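Chains A and B supply the protein sequences, listed in that same order. Heads up, the first sequence is in numbering that gives the first Met the number 0, so the first residue is 0 and it goes up one at a time. Heads up, the second sequence is in numbering that gives the first Met the number 0, so the first residue is 0 and it goes up one at a time.
No lab work stands behind these hints: they were computed from the structure. Bear in mind that the values here come from a model prediction, so they are computed numbers and not experimental data. Virtual Cβ for every residue (Gly too), placed ideally from N, Cα, C. Errors might be hidden in some of the hints.
[Stated by the list, open to error] Covered by chain A, according to a simulated footprint, are these stretches of chain B (three or more residues, beta-carbon under 8 Å):
#1 163–177
#2 200–208
#3 294–307
[To be verified] Here are some chain A residues pointing at chain B (derived, C-beta under 7 Å):
#4 Leu23
#5 Glu113
#6 Pro114
#7 Thr151
#8 Ala153
#9 Leu169
#10 Thr177
#11 Gln244
#12 Thr351
#13 Gly355
#14 Val358
#15 Gly370
#16 Ser489
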Amino acid sequence: MSRLVLCSVLLASCAHPDPGAVPLRRLTPTELNNTLRDLLGLSGDGWYDEQHPYDEESGAVAWPWAFTPDVPVDGMEGMAEGQVVSPVFAEQVERAATHFSTYTATAPRFWVCEPEDLDADALSACAHESVLKLAARAWRRPLTKDETERLTLAFDAWEREHGTLDAITLASRALLQTPQFLYLVEDGAPGRREAFALASRLSYTLWDSMPDAALFQAADRGHLGSEREVRREVRRMLADPRARQAVAHFHRQWLGLDGLQTRRTDLATHVARYAPDLATQDPYEALELWSGALNGLRSAMLQEVDLFVTTTVFDGPGTFDALLTGDRGWVGTVDVDGELTVDTAALYPGSTVLDGPVVRSELYDGNYGYGLSLAPAQHPADRRAGVLTLAAPLAARAHPTGPAPILRGAFVLDRVLCTSPGSPPDGAALTPPPDLPADATGRERVEALTAPDACAACHRTLNPLGFAFEAYDALGGWRDTDAGRPVDSSGTVVLDGEAVAFDDAVGLAGLLAASTRARDCYATRWARYALGDASIALDDPRFKAVRERFRADGDVRGLLEELAVTEAFRFRGGAL
Amino acid sequence: MNRRGFLQALGLGGASLAFGRAAWSDDASPRRLIVISSTQGTVPSGCTTNPAGLPEEVPWSQDLTGIAEHELAEALRPLWAHRDRMLVLDGVSMISAELDAAGDRHQKGWLHAWTGSWADFRGGSLAATAPSLDQLVARAIARPDRLPSLELSVLGGRPVCHAGAGQQLPLEEDPSAVWARLFGGGSGPLAGARGSVLDFVLGEYDALAPSLATADRARLDDHMALVRQLELRLAGMAQAGCEGPEPLASFDHRTRFEAHAELVAAAFACDLTRVATISLGDVPTAELGLTGASGDIHADYAHAVHESPAAAAAMIAHHRYQAAEVAALVRALEAVPEGDGTLMDHTLIVWGNEVGDGWHGYHRTLPVLIGGGWSFSTGRVVHWPWNSVPVPMAVPGGRSAGAGIPHNRVLVGAARAMGLDVDHVGLASIPDAEVPLDLSGSLQELS
């Protein structure tokens, strides 16, 4: 056992903080879906899979499977305390296992032989071996002797009753419901993480999915022991497309985008600008199509964020600064089931479409099919700066007819600056606002509402961070005026102990990008996510070096690499 | 004819009559529970039913069956046709919520409303510290071979269902997904092997458990228990062999509620479950025909409910709209014959709210019980003075002289009506309150 770990266990006079222990956690719905995809070699193209398009019972899209989401903790999934098992979840796992296990016998790389040419006995022997290999991949480590025996006995019994091919389906169905598959189980006492456990940790952090053959091999050969070896793997993994998906997914959670599709957005206020074809229809008839229009717009917005994040982090400068101040975007059209077309250019007046590959995709939400076609664009530098000013995070925090500055301000405070906004004081008596003229702006209303002393204590800090985004309507679309008067987005924020003024969201974004607090916050959120531990503090000594480096260079990929080689990641600490 | 007209013409989807079967031929019909949880509270001016004009300072009970429609509180008027089944509880306060120091009043409210216990403040969010009423009842009355309960949401309902401390249950918003759960069957090929598959899975849990740390093992044990129940349940559901009407697409609060109501009625009729919760999100102001500044009832009206007549009217409209939805649910249940009567005769609906009023007060709440006629003497409005209990509650301008009856006792009454032998739900008492508080015991006025 290394000196480092002995030191941690003894605690006494130890320069190295204890790596800490983290509770057992289950794969998140995202991870489950990606793991099913990689384990069984599904095309993962979204809703249209030629061989198995639908789950026959519900008529719903089969992949990704609609597992119950984790309860977010600090906005993130994958935290043990948010992963409550419910009867619904157990049923969903059973249904998914039943559905996807039917793909097993035709999955690429399942068979360890050429099954077509074999007689019954040889086929059976090959099937046995193939199922054991599947189990090792599903459980992400070699099987123990006892596990091998139990699985073999079960397979024999299924084969006797149902034949070889059906036995494969049943074995697969069983494996997909076992704890070794569903949970990240780690054996053992404090010390270096066992190689296969470390491989899983790396792949679920960087890819939201199971290890690939190369990573399994590195674990098998003992090539994940040293920091140097881990760095090599991390760099290889960051160059894989799965890393782009995983990083995009992290940012969707960071930006609180999962509530986006359920927001209500008022038809009357927005239809003329965003779905003009519907403006002349009967409102009740238009309601259904309006929901389709909204879902289409939001899907495009979400894809824009994914593209912005992945191109910035992987193809571009890859810095925190670029994330928060970059002026790129993706705009284009969404065909809603052939009935209507919406165009996200309506959100971004003044943006210029650039030469570059158009990204096309298809989605299905159970009601409509959507055909998206987004082109790279440049947003005007005086209107948009970075990910916080893209439409999606703004639309995620809005009221039906306009922006929700309090929510937007609380978001910046909490998610970007890691400062909890707190709750309204108990029994907050809301004295009625002074009579406002009918043409009061949204900003004026909120200011009047939060003016009383009981409210101002928190709101004087909170409000400006939300007012900064007043120039973006309920869908994140640019607006110059509110209630007929020019939008006022100016304010002050205290950053790193100093009060600084800004004129608008672009100005605020620049200040946030440079601030130490925002960098520490971002780095710490990645640490929490990587370890599945939402309680990691901004000054946690285990990540001091990681934070200091990120303050200096703001390099996002570098951050992930540094996190993966910390002792907290590679070692296991004291018992819970 | 558009979809809404179609539904109305058929009286909430005439298909209601097509499903299910009269499951029981005598009145040993099982009892069902439906919890309905609303948001943003009520408004005293629109929620008071006092046909005889009796004084507030004394407890009383008045008959509802003989009253005229306009004598029923405005916010409850759509339920007038069902007044013989109702117990309107006028004089109940969420005292435990008031005495809970930490957290946002909405979140605290929806936890206290249905668990009767403290909220656990964990940094930015609150978690339950005890199971909710629906889960307590489900645990006691659910058939092991059917769904223990259904948890449904209408346009973003609050998370009011908790299996236990820190165990928030997911709510299903999509009626199609609910349908698949109830009627999806699972009669595909190899359905018979399901049991042996789950046996293998349980074997792996058993083998793994000893090597885990205690807390980790407890988590896996919970999961294992569910897999065990699942085996029984899936076999039972498959055997039930019921068909349910496929829900129409729904895009607003009313139609979503109605879709869920039909599914609940179908599920009860076929004994696929005996407990359901429908958690209602805010009704969009556009659906109420209101045009507020932001379109959000919380931002535009709820807070000003004591100061602004327009806001009070809006919140009464909000409550009334939901009363109409509840009435539709009652009709859906009455449409299913069962035993000597209908499904509604064997059902208890408990309709509550996360707060007393939109100002975030907990003083004046308005729980309504519908059904439960085997246990309650229905068709009445029961009043307790608003200062029955000497605990001051936050009210506009300061503190009240006292509080109404603690809502925990309404939960006890409901639990007992469902056959649970309990004398408290959540907290039994708050011994170290300003005045030691007893939260236990049912309310004899209900019987």
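Open item on the list: Hint validation: A:Gly370 versus chain B, beta carbon distance must be below 7 Å. Holds or violated?
Closed with: 21 Å, violated
Open item on the list: Would the hint on A:Leu23 be counted as holding, given a Cβ-Cβ threshold of 7 Å to chain B?
Closed with: 4 Å, holds
Task: Coverage of the stretch 200–208 of chain B by chain A, judged on three or more residues with CB within 8 Å - done: Result for this restraint: holds, n = 6.
Open item on the list: Is the coverage entry for the stretch 294–307 of chain B by chain A consistent with the three-residue Cβ rule at 8 Å?
Closed with: holds (count 7)
Open item on the list: Using the nearest Cβ pair, does A:Ser489 come within less than 7 Å of chain B?
Closed with: 22 Å, violated
Open item on the list: Min Cβ distance, A:Glu113 to chain B: is it shorter than 7 Å?
Closed with: Hint on A:Glu113: violated, closest Cβ of chain B at ~26 Å, above 7 Å.
Task: Interface hint outcome for A:Leu169 [beta carbon to chain B under 7 Å] - done: Holds. Min distance 5 Å.
- [ ] Would you settle whether the hint for A:Gly355 is holds or violated, based on the nearest Cβ-Cβ distance to chain B being less than 7 Å?
- [x] 37 Å, violated
Task: chain A over the stretch 163–177 of chain B, status - at least 3 residues with CB closer than 8 Å - done: Result for this restraint: holds, n = 10.
TODO: Answer holds if the nearest beta-carbon of chain B is closer than 7 Å to that of A:Thr177; otherwise answer violated.
DONE: 4 Å, holds
- [ ] Let me know if the C-beta of A:Thr151 comes in closer than 7 Å to any C-beta of chain B, holds or violated.
- [x] Status violated, d = 12 Å.
Task: chain B contact restraint on A:Ala153 - CB to CB distance below 7 Å - done: 5 Å, holds
The structure fails hints 5, 6, 7, 11, 12, 13, 14, 15 and 16 (numbered hints given earlier, in ascending order).
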